[in-house]
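Student: Residue-level listing of the chains:
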Amino acid sequence: MIPTTAKLGVVPGWAILWLVFLAASGLFVWRATFLVRLLCLGRAENRFDRIPERLKRTLTYVFGQRRMLDEPLVGIPHLFIFYGFVVFVLATTGLLLQGLFPGMHVPTVEQNGFLAPTVDIFAVLVLAALGVSSFRRFVIRPKGLQLTPDATLVNILIATLMVTYVLAEAFRLVGSPTHGTIWAPVGHWLAGSIAGSATLRANALTFYPLFWWTHVLTVLFFLAYLPYSKHLHLLAAPFSVFFSRLEPTGRLAPPASPEQLGAERLEEFTWRQLLSAFACAECGRCERACPSSQVGEPCSPRQLVHNLKEQLLHYGPALLSKVRAAADGGEPTLIGGLISPQELWSCTTCLACTERCPVKNEHLSIMVDLRRRLVERGEVDARLEEALRNLARYGNSFGQSERKRAVWAQGLDFKPKDARKEPVEWLWFLGEYASYHPVLQGITRSLAQVLHAAEVDFGILYADERNSGNDTRRVGEEGLFELLREKNTATLQKATFQNLFSTDPHVYNTLKNEYPGLNHGRHVILHYSELLAQLLENGRLKVEHKLEGTVTYHDPCYLGRYNGVYDAPRAVLRALGARVKEMPHARSNSLCCGGGGGRVWMEEIGGIHSRPSELRVREAAAIKGVKYLVVACPKDYVMFADALKTTGLEERLAVKDLTELVADAVGVAPVA
Amino acid sequence: MNKDVLVVSEHFKGRLNEITLELLGKGRELAQARGGRLGVILLGHGVRAFVAELGAADVVWLADHAQLQEFDPEAYGTIILSKLKELPSALVLLGSTSAGLDLLGSLSARGDFPCVDNCMRLEARDGRIVATSQLYGGKVFAEVALPEETTLVAVVPGSFPSEVGRISGSPEVQLLTPPELVSSRITFRTLIEPPAWDVDITKAAILVAVGRGIQNADNLALAEELAEALGGTVCASRPVIDQGWLPLTRQVGKSGMTVKPKLYLALGISGAPEHIEGMKQSEMIIAVNTDPNAPIFGMAHYGTTEDALELLPLLTEEIRAASLKKAS
Amino acid sequence: MNIAVVVKQVPDLVEGLEIDASGKAIDPGSVRHILSESDDHALEEALLIKERVGGRIEVFSLDMGEVRENLVMALAKGADRAALVNAGLDSIPNNHAAAQVFASLLRNLTFDLILTGVRAIDDLDGSLGGLLAGYLNLPYVGLVRKVEFPATPRTVVVQKEYPGGYAAELEVQLPALLGIQAAEQPPRYVPISRLRQMMKAAIVEELLVPVPRPHPLEIERLFKPEEGIGASMLSGTPEVIARQMADLLVEHRLVR
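Chains as they are written, first to last, in the working numbering: chain U, 33 to 704; chain R, 11 to 338; chain V, 156 to 411.
Among these hints, one or two may not hold up.
As the list claims (entries may be wrong) - FRET-style restraints, in silico, Cβ to Cβ: (1) U/Pro470 <-> R/Lys23: 42 to 52 angstroms; (2) V/Asp267 <-> R/Glu96: 29 to 39 angstroms; (3) U/Thr92 <-> R/Ala231: 51 to 61 angstroms; (4) V/Ser390 <-> U/Ala495: 39 to 49 angstroms; (5) V/Gly233 <-> U/Asp445: 46 to 56 angstroms; (6) U/Val61 <-> V/Gly233: 46 to 56 angstroms; (7) U/Arg684 <-> R/Ala231: 19 to 29 angstroms; (8) R/Glu96 <-> V/Gln352: 56 to 66 angstroms; (9) U/Lys656 <-> V/Gly391: 41 to 51 angstroms; (10) V/Gly391 <-> U/Arg572: 53 to 63 angstroms; (11) U/Lys526 <-> V/Pro183: 50 to 60 angstroms; (12) R/Lys336 <-> U/Gly581: 55 to 65 angstroms; (13) R/Ser193 <-> V/Gln352: 42 to 52 angstroms.
What the hints assert, rightly or not - Here are the simulated DSS-like pairs of lysine-lysine, each with C-alpha atoms no more than 27 angstroms apart in a straight line: (14) R/Lys149 <-> R/Lys270; (15) U/Lys526 <-> U/Lys436; (16) U/Lys453 <-> U/Lys436; (17) V/Lys179 <-> U/Lys519; (18) V/Lys179 <-> R/Lys149; (19) U/Lys659 <-> U/Lys578; (20) V/Lys379 <-> R/Lys149; (21) U/Lys688 <-> U/Lys659; (22) R/Lys23 <-> V/Lys301; (23) U/Lys613 <-> U/Lys677; (24) U/Lys656 <-> U/Lys677; (25) U/Lys519 <-> U/Lys447; (26) U/Lys519 <-> U/Lys436; (27) U/Lys659 <-> U/Lys613; (28) U/Lys453 <-> U/Lys574; (29) R/Lys149 <-> U/Lys436; (30) U/Lys436 <-> V/Lys379; (31) V/Lys205 <-> V/Lys355.
What the hints assert, rightly or not - Far from chain V, by Cβ distances over 10 angstroms, these chain U residues were calculated: (32) Glu279; (33) Leu351; (34) Val412; (35) Arg421; (36) Thr523; (37) Asp674.
Hints were generated in silico from the structure; no laboratory data involved. Glycine is no exception: its CB is placed at the ideal position from the N, C-alpha and C atoms.
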């Protein structure tokens, strides 16, 4: 018996259902259309290319739930809820159609021998999953996971749907036993319990429609409510994943045009950036992974996306109807309004947020576009300004003459080849820190000596090497990045070399991903750890004294997360005989030293109690028996050496660059 | 050039500025060496009392009038110019100071007198006066033989000893007749005091000076600790003051205070001439700067290229240990 | 408010300076030029004044070094006109000659304010501002750190730095010339993209003026401070250096 055949008062059930159905779907369509129109405010960007790859991605991340499953406590419940949803869509569609067209014979799930038990079991699984996730959200309360009325309501709605489904099913089975030939385990079990109570049994045919109607009305309410809640991610996430960026993360999107270098007004963002706002499920994984957030800085990727959403929802409508927009003064500025400049400057561009995001949102691109706008307006702090001026004038942020770029080499007993003048096999692009920083020059010399001992044919660019521009670009000074890139490309094109390597992951990243003028087909571009690994493997470097003891290795953001190089440095350490013990945040979960994104050039954010680098050295020091924290990035070295002092851990642990350990092991004496 | 020397004196808040005595000392030496006379121009209001301090001079050219109470470049300039035009060619000495520099260019242009700035050395040589000036942040010195006509020379304070010029006496006083009490397009309104005096660094025997190398305000605490261990005071060069990390009263240099402590410990200070001017008379100068070419090493007694931030806590510890040892 | 800003380039001290074979001049080959720091502040102050009370800014410089780039930068920052002044000189003149050049240029133009940096690192014969004011018969105040516009028309109130942290507030009748020590905020940043766009589009005029009278101040010789005279340098690990310093201070009875 189909509940909508009965009259509710004077009106037939199905008529009421039709009314509610039309109202709910109408509301849903109206709101969904409105949201799509808001997205269309954003500027165009071609994300419709390489469809097969995009489909594959969607399969992996949406249906495979890949990102979610790397945190099993959350991932498994979410998997159940996800597939529970899929399965329930089928079930509910059947119910609805049956209710709307009671006269027709509509195939429903309860009639299907396979689907009926499946839906049943999923109802329980979903409830269990909700139990776990609610416990997590309301009791454990991880940072970034919001306790909003919206979240609470959604949890209640889902729970209601599950409960009403099984109850309706059970009461139906009790009231009309002839429909019980299809086995639905939960329904049958519940029916059995209900049958035990005489009252309930007697009123089964009242309770069944009651729960049926509750279920269906809840679904329709949910349908209408969906586009207003964060649960919108249900609909938006598959699209955000499908349309996610296929370019390597180490390659920033160039600005829209020379006139529009950044973005701040809604129409200056791309539609995909705006889609981030709707796809975001506000899970907080990005915020929990963010090193700046962890030390109490105002930076939060989740908040950034959330504020963009707020701006879009509040002021987008006015933009859609242009006439009104002109009258009320228009869109208020985003920066200085919902988003503070401080928030933007505290980002280290470590990519932990993007790495963790299950819906593949692009926090970094939004942040960089906003920084580009700040730079366009000249709103940079005094220290950053000085660094930029020095970069423009001298090609390095230290303000030292470019003629002094190779002064580090003066302590060597040989003169490195000048790659500008003679052909070399390996062109060594050092990076400014390795070249100019007084603490690091000794390590640079060691590497030169190690390579010399291994008879590697390498050369350097002497005074013609300029800052590669990686961090300049991430700071938002796109024009300066282009200037540096032009100069470096011109120098590199004139030089004759086979392959290229760098001491600095930041340099490595941008040369590899953002220098189209380099003939990538012809040259192999490596990080020095990869080169060292090769040399150790093919015997050109021989270990004379094995490295005793336990070490731990810090994955630099621009080497690991950005470019996937995790194994080479570890291979080097193992070849040296060291025992490598991983920190809890290892490989793609590595905890940034806090120096990227131009942060080494900026004022320290006052009032914070610790720095990301301090968190990291504490993590390293907590590993029993570890004596060295090994790094493969010059900035890491400086940041961690500093952090060991400020945390008072200098006696406990030492920072060592990979080079130093290799030099010791192969018997190359350090040159002071 | 005529053998006479003329000094343009400066005073502030009722006291003669030390530069005036320095110039008098040097001026007297040059005048005597060449057989000429030393004159001093003294402008102001109620300044007759200074005459007794100007004993180094042979003659004081005085204009004492209410209009001249406060330094006014136009009024002062007009009076001095008319005097210079009257006199036979002379060597005119001024301080390379806030007041002196306002006068220097104007007098030179209007009177068509050559002028030299940033002078640190003056000597009579082969019948001519040779001035040596420091340029390019103190990296290069220029020697100029002064021409025969009246020439103005602006001297960097602290270049000559002031005791030599500190002679009491009764020089001849000649009144300058200010032409129709000078019309001036500049009017003095008020004197702005520096913020409330927390500490008078000019009275400190030991100064721990911080410069840009200190990097941020948080590191000031390290300097304070060292100062405390030594019983001294923290002061700073201009960039630190401009950042607001310390009040104006702690600034050492041309626009700040001139100090002469027993010990001046310069941390992360490169040694721009404007700063050096304020501390070069310190008895012992120790400089810490990671740049081996920093000009401050040229005039410090001891130095190191170690990083000041690294060195500070270590030094504080050593000093405390030494104090303890001394006490026991 | 019509403002003229006079700027120049000076050797960049980041590079070493070498004295040429004659011993009387800096070797031009060793020199890279940079805008004089207080001239940069003078421009910034002019821009701040324009933002506050409106007006027009014209920037002038002798044609030397790479000053054209600085003039384009000035236009990018908001100046209205920029011009290179050519006085037919084949080397960089001293400030007297330069002041005469600018005096002949500016004498017939009507500016309310002329701003320039109060000093530059190569000012041997006095700084440009005072000399120029003298030639133009304008009131001059140097070491200015703040400029305000009172109700009285045709006047400006400036703060002039004195030693010891003091400053004088002076009222000056316009037209006047001010030697700027520091602008009220640090010189603003111009993003490279805007600068490069300006480089393509901007017009920097070239003006010809008569050759100035030569001036009788001649350099006998230039020399660098003697090497070897200076600090006794301490070396070793930081701990060793700290110990040595402490010992020194104890020796000199500076530790209480």
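Student: Provide an ascending list of the numbers of those earlier hints which the structure does not satisfy.
Tutor: Numbers 4, 9, 10, 11, 12, 17, 28, 34 and 35 - these are the hints that the structure violates, sorted from lowest upward.
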